[in-house]
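Participant: Each protein sequence line maps, in turn, to chains A, B, C and D. Per the working numbering, the first sequence runs over residues 1 to 166. Per the working numbering, the second sequence runs over residues 1 to 709. Per the working numbering, the third sequence runs over residues 1 to 104. Per the working numbering, the fourth sequence runs over residues 1 to 440.
Derived from the structure by calculation, the hints contain no laboratory data. For clarity, every value in this text was computed on a predicted model and none was experimentally measured. Fair warning: there could be bad hints in the mix.
Below, in silico cross-link-like pairs of lysine to any residue (SDA-like), each with a Cα-Cα straight-line distance of 25 Å or less [to be verified]:
hint	chain 1	residue 1	chain 2	residue 2
1	B	Lys675	A	Asn88
2	B	Lys587	B	Tyr600
3	D	Lys71	D	Leu96
4	B	Lys675	C	Met99
5	B	Lys577	B	Val462
6	A	Lys163	C	Thr71
7	A	Lys163	C	Asp72
8	D	Lys178	A	Asp134
9	A	Lys127	D	Asp186
10	A	Lys163	C	Ile83
11	A	Lys163	D	Gln372
12	A	Lys163	D	Arg369
13	B	Lys675	C	Asp100
14	D	Lys178	A	Asp49
15	D	Lys178	A	Gly43
16	A	Lys127	D	Pro15
17	B	Lys385	B	His468
18	A	Lys163	C	Met99
19	B	Lys72	B	Thr61
20	A	Lys163	C	Asp100
21	B	Lys587	B	Leu576
22	A	Lys163	C	Phe88
23	A	Lys127	C	Phe68
24	A	Lys163	D	Tyr368
25	A	Lys127	D	Ser174
26	B	Lys675	A	His89
27	D	Lys178	A	Glu130
28	A	Lys163	D	Val155
29	B	Lys385	B	Leu576
30	B	Lys395	B	His129
31	A	Lys127	C	Trp57
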Amino acid sequence: MFSHTVFYFFALLAVASAIMMVTRRNIIHSAVYLITTLLATAGIFLQLDAEFLFVVQIILYVGGIMVLFVFVIMLVNLDVSLRLVQFNHQRFVAGALALILGGQVFIAFRVGRGVLPHPVLRSMSPKNTEAVGDALFTHYMLPFEIASILLLVAMIGAVVMAKRRV
Amino acid sequence: MSAPLTYFLDHIWLIPLFPLATAAVMLFCGRRLQNSVVNLLCVGSVFLSFLYSLGAFLQLTAMPAGERIATKILFAWIPAGPYHMLDGRIANFVADWGFQLDPLSAVMILIVTGVGLLIHVYSTGYMAHEGGYYRFFGYLNLFMFSMLMLVLANNLLLLFVGWEGVGTCSYLLIGFYFHKKSASDAGKKAFIVNRIGDAGFLLGIFLTSAVLGTIRFAEISPSLAAGHFAIGDPRITAIAFLFFVGATGKSAQIPLYVWLPDAMEGPTPVSALIHAATMVTAGVYMVTRTNAIYQLAPSAMAIVAIIGAITALFAASMGVVQNDIKKVLAYSTISQLGYMFLALGVGAFAAGIFHLMTHAFFKGLLFLAAGSVIHAVSGEQDIQKMGALSGKIRKTYRTMLVATLAIAGVPPLAGFFSKDEILGHAFRSSHLLWLIGWLTAGMTAFYMFRLLFLTFHGQSRVDHEVEHHIHESPNSMLVPLMILAVLSVIGGWVGIGGRFEHFLAPVVRVQRHTEGFHRVPLIGQEGEFRSEDARKELEQELGATTPAAPSEEIILMGASVAIAFAGIGLAWFLYLKRTDLPDKIAKSLGGFYRLVCNKYYVDELYDALFVNRAKDLGLALGSFDRNVIDDAGVNGAGWLTRFISKVSMWWDTWIVDGSVRLGSFFVYCLGFVSKFLETGYVQNYMLLIVVGLIGFLAYYFYLAHHVIH
Amino acid sequence: MAPTMISPDYYLMLSLALFTIGVIGVLTRRNVIIILMSIELILNAVNINLVAFSRLWGDVNGQVFAIFIITDAAAEAAVGLGIILAFFRNRETLLADEMDLLKW
Amino acid sequence: MSQLIPPAIIPYVMPLVYAVVIVAVLPLMAGYIVLLERKVMADMQARLGPMRVGPHGLLQPIADAVKLLLKEDIIPNDADRFMFYVAPLVSVTMALLAYAAMPFGPAFQIADLNVGLLFILAVSSLGIYGIVLGGWASNSHYSLLGALRSAAQLVSYETAAGLGLVSALLLAGSLSMKDIVQAQADQGVWFILVAPIGFFVYLVGSIAETNRAPFDLPEAESELVAGYMTEYSGFRWSLYFLAEYANMIIVAGIATTLFLGGWLRPFPRLHQHLIGTSLELLDALPSLIFIAIALYCFRLAPRQPVRIQKLVMAAAGGLCLLLAGAMAGSLFASPAVMQGVHGGFWFMVKVMAYLYAFLWIRFTFPRYRFDQLMRLGWRFLIPLALVNVMGVGTAIVLQQLWGWDPRGAELVTLAATIGVALLLAHEDEKPASQPLAEGE
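Generate the whole structure from the sequences, applying the supplied hints.
Facilitator: This is the structure:
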């Protein structure tokens, strides 16, 4: 049905472009595919009735973080990097281990599937933004402040790192 | 009677203050001042002090004889609190900054400020061409301050402050020409010798406060009465003796007189003021001030009398052969001081003070006149190189003649009265002492006139280049001479009929119980007023005016006048009539003459006995310091430290560091094994993380499996 | 019958897939920037889980945590890229296995 | 009609229509904005501007469009072809996507998201990728530098502009565009009056976001030929162009909605009725304006040199008359229709006014240097916007706690904000240090 269609669309888009992102030789292309993945994720958020998070995902992730990535990529982009080997010496064992990890988690999901309750569609407050803001500024006040301080520290650190003459 | 005015009595503390202020000005910023300003300030301040002293004196005399005492306590200087006296009683020690004016100190401040004022004026002329003008006057005013503190103090400790102050000033002024080695040596000598006496005096003060429980003069007699001390109590005797030691130091008595002749190195006004008129009489003043103690210590008084007598004779004999004009005067000063102590020793305190006063007049005059002479002959001091000056410097000659007559004891001049008083009391107490004093009087007349004749009469022996610019001194020097001359003439008359004694009586009242080795004559019949009532006793004393035995008085007077004229005649015969005789006499008794000429080798004796011993002690201590302290102590300690440090270094290197190195070696081995994990590749670490995750998950699966089955 | 949502398993599977791909990227790629981007991918997978479960439980806590995670992602990206810039300025390379100053 | 359409898709019909209308009309509008721009520029430079094509160049945009479509499409060698294709599409798509939440009128809105404003910001911020990827893909230094500059510029000024908007959000208390306009209607005041600083900050920020002078460094022809568009030509270039002007309209719409009262007519509280009727005098304003323009056109028509131009001018006048009639007629239709028509009219008027301000600024100010640009953004606008947000918050709290008059409270805080602004400006006169993120 409709929501299933939406979900499958976004999910397949996300996974496919994620794979592309990991395998591209050109960093810019990887970035673009990552952006696609993120946008697809945003779509999934929307499909999960999390409008606010949807917008936040687009503004922060796509519009902020990824712009930063692209920016830096353009600053440091080297044509020689296109001709290099893109995977390191431990690629086979690493890939195998990663797959094993995924398999384990998959097994865990399969085994523990019965644990989750029957997915009844609980009614969420129509004003998702107000709800999130309310939770964020009342119950999660301290974490919010800590996060803001984290951002401040990160900003200063980034400035110090990126300045020409440190 | 109406309450007398007490302004000056309330402000006696100002009297020392004026000289102190100007002294401070002089010594701190005097360099920039004009001489005229210096004169104005210093002489002015002394003049002010003199005015205040005069006012205080008058207001004191205005008071009824009984309570002629004014005390002004500024503040408690050393409130040290309670302590145990020797006999176990509790006393409260307090030394306050207080002034006390009674007839004795009134007389003293009059002498000090009066003579001091004259000598200041004289100095403005005498020192006019000297360098360090402001310094000289600064020292002089500082001396005035100290001397006034000394005579005005109301307790022993404050008196000691003045005592040390005058000592310091005398040191500074003797060494005024510090560029002359002899001068600075003389200063040091005076200072050191004084130290000995001062040590005794200080011990005396300690002992006083320990025995009597007070150091206030006003409380000494009461506490003596309270202590019920027997006559000749050893503690009291000890105190008296120690005080006397101090007095010998300050007043140049045997054995501590040696500094005074050398002190003549100082400028003549200084010799006049300090070493004739005031400072050297501090001892006399002090003994008089503490007479209450002495009267309980007959043996101490005996010592005082004997020492004084011997000093008088001894110094006179040395004065006979001196050729330095100032040295002669110095020895005469010593002998006159001996006279005073003789008086004190026989209990004639008033007579002693009386002689002190007259002596201040004529001896100050003598010194100043001598200074004028030296000034005239441009610095020459040897009387053998003078003579026939009487015509050239007439005024000086006249004044000096007056002074010489006065000291020789020719009536009716000052010296006659005072010396006669002393001889009278001495005769009544012991004939031997009288004999010595009598002889001394003769010798005094002799050598004083020898000095006079050699200086002013006979044919001139002055060098020629000096000859033709001999000149009279300026008025600033002559006026004081004349004033002092007048005083030397009339100064003795205050003693006629014992008025002086009556005035001093409240201070030097002779206690009834002083019976000892000598018979102290009571004014009036003995033992009559053994009453407790001081006033009645005083009235009786004042009532009794006439001396005990007029006939005896007359005889003694005649004897002393006779010996005086004999001395004068002998001097005339030897030094004007038969000028060749002295050398013959000298040759005839060569050894003795040489002995006397060399001042009985006393200085050499002291050198051999004390000074060199002290030097040896210093050398011994020095070698001890070098050898024992430095070598054995310091170097030994250093060597020991180095040895210990070597040992600890070995320990540190091999044991401590060794263990550290061992540990680090183990760590190194471990690290060598584990470093192969540390590839430096981030992704290796991530891989390890993943491996760890896989391991955990597998473990959980294992657990879950077991939980299920 | 109450309206049902898509079973959370789907979202779990999706996030698992993204997570695994991210891990592979982190482990195998040599380019530091791609490693960073893979990390972002992993965080993203986590976000999907959180939001899915917040939907399942019908409250917003999961979304709040997702927001926190995005914040951390931003901070991490800023600092990481700064480090990369500095490093690139010194070494002229972007390859992770040439950053071996810590090597023994 | 309702029989013809299955009820399931009923709610999707009108948005579809709106979308079609917007996509259809937007290029035209863009073209005529260009004409307007050239005319205004000419006016400000005492010239006539385009006069040949059509009366007073009224047909110039169509001519330009035709020319662009017919131009040859050049793709440089070893450019990244895929990116080169995609980039313009990205920017124009994102630009158009933003219209989805833009309320042209009470009803004229594709979708009223309750995160509408954020949605618009998000989507328009995605427009960066079009520029950056295009600049990168065309493999030219000019393009790359332009792209980097614009990326840095956009990222920096998005912050400032967003913070500027926050003040209006605080006042409205909602993210849905419709609610925001409604809030202004309820409070009876345009938010520009209570938050002027926020409006100012957003004005500057939006100029920078749309890469317009004096912030047009990405395409500073004197330095880097045409910035990221250097290698583009023909249709792709016109796409970029379209995207730029679409963005201009977007920011203008946002400003209009948040600060200028959206579709509300001036003095929404003022209900002065025509005597005897229920008609409000102010509602007659649009018709009168159009009638005035029509009369102007008719007066100009005879003076046109060529007959065809006479005709066109007369047609324009007729069009205006029609519009005036529509405005007047809508007064007697149902209130919804009246609201819609008038609302759209007022909205477009405000947007045009905002755009006129853009042009005005463009022709008035010289271009900034890049470090000056960055300094202005980071050192002046952002602190100012922050202080402004604090001020508005304070004002609201004062109003809620002690019932202060919001205007009074806002005045109090406005003073503080202006003080901070002066302080910042003063300390900004000192020479700046290293610019924060310089591309090269």
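Participant: Look at each hint and say if it fits the structure.
Facilitator: Results of checking the hints against the structure:
no.	hint	verdict
1	Lys675(B) <-> Asn88(A)	holds (21 Å)
2	Lys587(B) <-> Tyr600(B)	holds (17 Å)
3	Lys71(D) <-> Leu96(D)	holds (24 Å)
4	Lys675(B) <-> Met99(C)	holds (17 Å)
5	Lys577(B) <-> Val462(B)	holds (20 Å)
6	Lys163(A) <-> Thr71(C)	holds (23 Å)
7	Lys163(A) <-> Asp72(C)	holds (22 Å)
8	Lys178(D) <-> Asp134(A)	holds (22 Å)
9	Lys127(A) <-> Asp186(D)	holds (21 Å)
10	Lys163(A) <-> Ile83(C)	holds (10 Å)
11	Lys163(A) <-> Gln372(D)	holds (18 Å)
12	Lys163(A) <-> Arg369(D)	holds (20 Å)
13	Lys675(B) <-> Asp100(C)	holds (14 Å)
14	Lys178(D) <-> Asp49(A)	holds (20 Å)
15	Lys178(D) <-> Gly43(A)	holds (23 Å)
16	Lys127(A) <-> Pro15(D)	holds (22 Å)
17	Lys385(B) <-> His468(B)	holds (14 Å)
18	Lys163(A) <-> Met99(C)	holds (20 Å)
19	Lys72(B) <-> Thr61(B)	holds (17 Å)
20	Lys163(A) <-> Asp100(C)	holds (23 Å)
21	Lys587(B) <-> Leu576(B)	holds (19 Å)
22	Lys163(A) <-> Phe88(C)	holds (13 Å)
23	Lys127(A) <-> Phe68(C)	holds (20 Å)
24	Lys163(A) <-> Tyr368(D)	holds (23 Å)
25	Lys127(A) <-> Ser174(D)	holds (10 Å)
26	Lys675(B) <-> His89(A)	holds (20 Å)
27	Lys178(D) <-> Glu130(A)	holds (16 Å)
28	Lys163(A) <-> Val155(D)	holds (18 Å)
29	Lys385(B) <-> Leu576(B)	holds (15 Å)
30	Lys395(B) <-> His129(B)	holds (22 Å)
31	Lys127(A) <-> Trp57(C)	holds (17 Å)
In terms of the numbered hints stated before, the structure departs from none.
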